[in-house]
Amino acid sequence: MAQTRRDFLKRTAALSAASFVGIQLPFTAADLARAADGEQWHRGTCRLCGVGCRLELGVRNGAPFALRGVAEARTNYGYLCMKGMHFWKCMGHPDRLTKPLYRAKKSEPFKEISWDQALDIAADRFAAAVRDHGGKAVAYYGSGQCLTEETYLFQKIMRGGLKSNNVEGNPRLCMASAVGGYLTSFGADEPIGGYSDLEQAHCFFIIGSNTAEAHPVLFRRIMRRKLDNPEVKVINADPRVSQTSRIADKHLQFKPGTDLSLLNAMARVIVDEKLHDEKFIADYAVFRQGKEGKAVTFAEYAQSLAPYTPEAAARTCGGNITADDIRQVARWVATSKGTVSLWCMGINQRKQGVWANNLIHNLHILTGQLMKDGADSLSLTGQPNACGGVREAGGLCHILPGHRPVEKEPMRRQVEDAWGVPAGRIPAEPGLHTMALFTAINEGTVKAVWVNCTSPAQSLPNCDLYNQGLAGDGCFVVCTDIFKTRTTEYANLILPTAFHFEKTGVYGCTERRSQLTRKAVNAPGEARPEVWIACEWAKRLAVKLDDPVIAQCVKPFEGLEADYALPRAIWDEYTQKLTKGRDNDLRGATYPVLERMADGVQWPAPTEAFALTGGTVKKFVKGRDPMADSESKNDLPYQFYGPAHEDRKLWVWLRPQADPSEIPDADYPFYLSTGRIIDHWHTMSMTGRVPELLRANPYAFVEVNPGDAAKLGIKPGDMVEIKSRRGVNVLPAKVYEGPMEGMVFAYWHDQEETRMINRVTKDDYDPASKEPEFKICAVQVKRVSGPKPLKPFIVA
Amino acid sequence: MGRRNVRRQTRALCRYLFVLALATAWTAAATAAEEKITHPELSEQEQLVACSECHREATPELYTEWYESLHGVAMVKCYQCHGTFETFRVTPTRQDCAVCHENMLAKCPQDKPCWQCHVPHGFKMNK
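Protein chains in written order, with the working numbering: chain A, 52 to 847; chain B, 504 to 630.
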């Protein structure tokens, strides 16, 4: 029976009043009891977003019962969001995968098999593909939620063992444009500053990020800074009004995709009003244009901004933007005592993602809002270990561990030497990036793929297209995971893995900080840590392919127990051999050091002594960054020694406005954007199994602007069809602003097939970063019916 | 079944349930000293509505107080302190606060619950 909300509220209002009347609960001293007998608290990092909150898992009689924050940690200072508070409930969940499952054909049901059989099958099928078609026919698709040790080990086996650079991960879908932006603007990946800048900032420019819901504990720090210092300015730029907008002095709403104009117009104001820092520019910056990065002068750069007057940009942007707003925010950004910009998927998941990143960095380079405390361009990383594992330890098809481009022969030689494998073992060409990989699976050229800790069947844009290939028997699919997902539905082999706190390893968060989580409880059933699985797989591959070099890849780890000694040895090899002398030098961040830290270590940290202080708070600053001192080439206080800029300069890029891949037209008149909300994480396989979180948001909703809702006859709770050229969803509506007029916003947390919004999104991608444009496509919006009683859906 | 029919039947059912629930609630209130206070009983479908959705209208002053507080801006939601239906507690314990504020438990008076000084739902200090 479907009640209207109004009926329901009338019914329960009386109940609430009655329940509260005259009740005085007796307060007992029993509540004061802390640390009861048998309770232990184990320190680690949160399993969810890229903030890197430190917390402790409470364990009683071998079973987890709570999580609480670590007050001394410099990421979260003790605070947790609801996901960090509740993820322990995944650990003993009845749905946990506990045994290997196998089926030869995807139309057959799964059978439970032994680990011995499972590892043999995995090795057999990968060996067959390599034998018949070479390393190009196999692939590993990992995750920004894998431990660094896992990512590092798998990519070593793939590259050094199977001679395949088809190593990718889901950070391609979220952070690749940020990587591209940092490399092309600063010459080095990852932020120059970090979270400590938040408490010293005087201006926050938050663009393309709903920090309040996507990085809640960082938002808390910004909120606190603003509340304690009302003169601090907060600018929120987002086509959608979000919970982040609550603390904004100015909220700029612009048509999706027009932010390039906004950012260029801000730069124009800065140059016109002479708010740029001439000395900083003269000392540290150059100007670049076009695909080849042709050098141009400051005058030519200024000239390129000619079309971006505030008036013209306001017209392009539409929304609520006025020319005066653009001037105001540009002045705030330029003249504050310290400006921190923060952004996330609104900027990265774009056809022009790298350009949008460059334009934000431009504002900081032009104004010298860098290097000093309280000033930084801080890209917010979505996942807990996209930085540490995938970006730093060689988890993308074109980079080797230690930020080494695979195309450079000396880089390959260095890695081969460190691994003790013959020269030439690592292929010279990058492998397939994510979208190319799943296209190759469709085309039948990739015969075996290992999917680790991620669910591309749901998380890829235009997912129906790529699920065709995954569904076919032409590609052998192995999934390592803790629960069944939309992706395990396409697997031949499902291997049950240990979850967070059931294994030991490092996560590296947004601010270059590596933090250790140690095993605290046993994994259920026969679930095993991925590092054990990978070693066993590699040994069998070596036999089946009669290739001892594959065995060589895991030989240093032979016989080590899997809970601690094995991950520690992997971490030691990676940090001591592969990060030595690189810009992410982590040699000081040994396990013994990490275990002593309340939080962790920010790289570069070449020595243990320096690592114990916490590592490098600000990169490139002499006296604060040991590599700025050791790599110093002149007397200037800042040394930009990053691997990508031989000239050691910051590059201001000329980037014009360019349209998104697909914008509204007569046939598909609405913008569709998608995103996360605070209670859930990604495909909901974890958070959807926690009752508190599920009930807070049981399915995907579509937010419809009240103006549009009125025209379309849509009321709150109505079922609404969202249809693109690729697919269709039917979602319950929330009517509020929310999105601007002409735009709808759908949450992507839902496994139910009529509510999986990636069936509708577009898979075009940034030509440089290969990151897809999840954030913008064109749809039709139509009311289908009144409210319906919906059921949450989680793959069983 | 016609829509008007459905509505009439729904209203009748609601009225019946209302009376039943009211009776249950009064009974619950009378025995509060001995029994644990539970959230008024809701169907499975009704439980899939976020706390704030109903409480915005059912307990508007409380909702507004929370929404305007630090917890509201930081999106610390009802269920984080009060649990969900099966684990519902009207009055959170010190351990509930400890999830985020563990360092304060040692610094603050040991003989009081947190909420006596940090009065919900604004949580301003009550001196």
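If you are wondering where the hints come from, they were derived from the structure by calculation, not from laboratory data.
Given the structure is predicted, the values throughout are model-derived calculations rather than measurements.
Ideal Cβ positions, reconstructed from N, Cα and C, are used throughout, including at glycine.
Treat the hints with care, since some could be wrong.
On the chain A side, residues computed to face chain B include the following (Cβ under 8 Å) [unchecked claim]:
id, residue
1, 130
2, 684
3, 711
4, 715
5, 717
6, 729
Taking the hints in turn, this is what the structure says about them:
1. The closest approach between the C-beta of residue 130 (chain A) and any C-beta of chain B is roughly 5 Å, which is under the 8 Å cut-off, so the hint is satisfied.
2. Interface hint at residue 684 (chain A): violated, since its Cβ lies 45 Å from the closest Cβ of chain B, which is beyond the 8 Å cut-off.
3. Because the beta carbon of residue 711 (chain A) sits about 29 Å from the nearest beta carbon in chain B, more than 8 Å, this interface hint is broken.
4. Checking residue 715 (chain A) against chain B: minimum C-beta separation of about 31 Å lies over 8 Å; hint violated.
5. Checking residue 717 (chain A) against chain B: minimum C-beta separation of about 35 Å lies over 8 Å; hint violated.
6. Of the supplied interface hints, the one on residue 729 (chain A) holds, with its beta-carbon coming within about 5 Å of a beta-carbon of chain B, less than 8 Å.
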